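Colleague: Heads up: the sequence lines are chains A and B, in that order.
Note that the first sequence covers residues 461 to 780 in my numbering.
Note that the second sequence covers residues 14 to 310 in my numbering.
Just so you know, the hints here were simulated from the structure itself, not pulled from any lab data.
Hints should not be assumed to be uniformly reliable.
FRET-style restraints, in silico, Cβ to Cβ [as the list claims (entries may be wrong)]:
#, chain 1, residue 1, chain 2, residue 2, range
1, B, I67, A, G518, 46 to 54 Å
2, A, Q660, B, A31, 16 to 24 Å
3, B, F70, A, V530, 40 to 48 Å
4, B, T198, A, V664, 26 to 34 Å
Counterexamples of contact, computed for chain A against chain B with all Cβ distances above 10 Å [claimed, not checked]:
#, residue
5, I493
6, A586
7, A669
8, N676
On a predicted model such as this, the values are computed, not experimentally measured, just so you know.
The C-beta atom is built at its ideal place from N, Cα and C for all residues, glycine as well.
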Amino acid sequence: MASVSATPPRAASRRGSSLGDKVFALVCQAAGIFVLILLGALIIELLIAGLPAFRAFGLAFVTSTDWDPVKELFGAGVSIYGTIVTAILAIILAVPLAFGVAFFLTELAPPWMRRPVGTAVELLAAVPSIIYGMWGFFVIAPAFAQHVQPFIIDTFGELPLIGFLFQGPPFGTGLFTAAFILAIMVLPFIAATMRDVFEQVPPVYKESAYGLGATNWEVMKGVVIPYTRISVVGGIMLGLGRALGETMAVTFVIGNANRISTSLFGPGNTIASLVALEFGESEIGSLKLASLLALGFILFVLSFVVLATSRYLLRSRLKV
Amino acid sequence: MSLALSSMSHPGPRKDVATAARLGASRKRTDRIIRTLCLAATIIGLVLLASILITLFYRGFEAMSLRVFTHVTAAPGSEGGLLNAIVGSLIQSLIGTAIGTPIGMLVGTYLAEYAKDSWLGNAVRFVSDILLSAPSILIGLFVYQILVLPFGGFSGWAGIAALAIIVIPIVVRTTEDMLQLIPNTLREAVVGLGAPKWKMIVLICWRAAIAGIITGILLAVARVAGETAPLLFTSLGNNAWSTDLSKPMSSLPVTIYAFAGSPFEDWIALAWAGALLITLGVLSLNILARTLLRSRI
């Protein structure tokens, strides 16, 4: 009897709570869909805004090396070249360092040292881009101009086949300096991913190898790297994606010249640096502004492909 | 017996001991070399961080004075400070985070509590991760297209919108990660008491995950406080004192960018002072976030 009389209020409260549940679930889902729309709108807006440039120059916009505001001739060739060269060079410089840091932090360092050193390396990722720009411009570029570049030019400039990469006057700024700064900026991202995936290797695997008398390096080479190599490549792609779109630091040190120089010490530009520099001088509705937005669209496509690949490779790590 | 004898008298093993010793030595040498290189790589990383910090402290303290905090930016040669830039940065970063955080928390909750394996959940997770690493300059261009062009000019609101878009994926990531750490038995206990799901999430899960979520918010503030590229095309910068969000608004990173690239000594000095301020702020937020997370988990 008592249970029967208690039924109505419970039913009422359940109806109320199911309404609250529905509303809350809907709000959460709406927020999720909002994020989808945000990215979709970003792509579509950039494409629409850049359309006049694609229409005026056709597909040649991507390959053309013109950038002549007076004659209204614009092309993305130089900045795409600069973007890809600096990003890949940055990765070549950063990966060995990041691997060293991750190996040191997971296997070699004494336990008390791991957290402070790991935090310090992660703080490199927190330093704002503009600070890297200033540091690069006022500290690294002069040091490169006076010491590093003359040395490299004298040593490698005369070599056959690859010598042309290291010729020319040592300005201090240029593609190589930009890549160097980018390498420092992506180092913490790659190192953190590597460290995380190295730590996920089951200890039993490593212990069995150590039990057979393997050295640290043999365990790394024979057990850890084969176990984690897909995620490691994913981490490297993540760094590459970051390097492609980095703006302020590159703008300070790349030299900002619209030409393809065969020497790595020559000046150049990247999509992001060109947009940052030229945007303020473009009139609303001009073909130049449309070209800059079209560049933005190209940069988006580039980084989307790289970041999506990275995420695909890292998915196994995300699921764990 | 004869088998054991023959194997004992076999001359093989003795030779192998020498080979093994040689091999072992070369293996140990390789190992030592690589370990040294790894140590060197770590030291290089630390030296680079130290170099940045030392440069900032050295050049920044030289230029630091009370004037930096009491005067607004002024023409080169006249006594100027960074007051408007500091206040502009604070306003835009804080309001941007305040707008982005609830959206990010809801999305993170959706991913962790409602859409663990649905296709929509996976799509949202993917897009949010792309936004997390997408070039911030593109977010500036996007907001320029949707807020600056149609509404007749650069404004503080546009800057806030750009920063909010950067905040969202950071908060999504930490919220989802933190909610996933909560044991399912806790959820079952709450639902078993008859609580509806939304109360379970808001009153129990969010509360249990609060330290992690706050960490995410602090990291988001630290990230947007140093962002320059998205503000170049949205809030633009303003050399006069202004707290009107419908007008162009100054910010520390954009001012540093303009001043550091100028040929004037006093502007460059102010840029260093600003750079020191912003780096100290960003790094202390990061360290605070990490300590908070460690002490609560």
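Colleague: Compare the structure with each hint and give your call.
Modeller: Hint by hint, here is what the structure shows:
Take B/I67 and A/G518: their Cβ atoms lie about 51 Å apart, and the range 46 to 54 Å holds. At roughly 40 Å, the beta-carbon separation of A/Q660 and B/A31 lies outside the given 16 to 24 Å, and the hint is violated. In this structure the hint that B/F70 and A/V530 lie 40 to 48 Å apart at CB holds, the actual value being about 45 Å. The hint said 26 to 34 Å for the Cβ distance between B/T198 and A/V664, and at roughly 27 Å that hint holds.
A Cβ of chain B approaches the Cβ of A/I493 within 10 Å, the least distance being about 7 Å, so the stated non-interface status is violated. Not every C-beta of chain B lies more than 10 Å from that of A/A586, the closest at about 5 Å, which undercuts listing it as non-interface. The non-interface label for A/A669 is consistent with chain B: the shortest C-beta to C-beta separation is roughly 13 Å, beyond 10 Å. Its closest Cβ contact with chain B, about 6 Å, brings A/N676 to no more than 10 Å, contrary to its assignment away from the interface.
Taken one by one, the earlier hints fail for this structure at numbers 2, 5, 6, 8, listed in ascending order.
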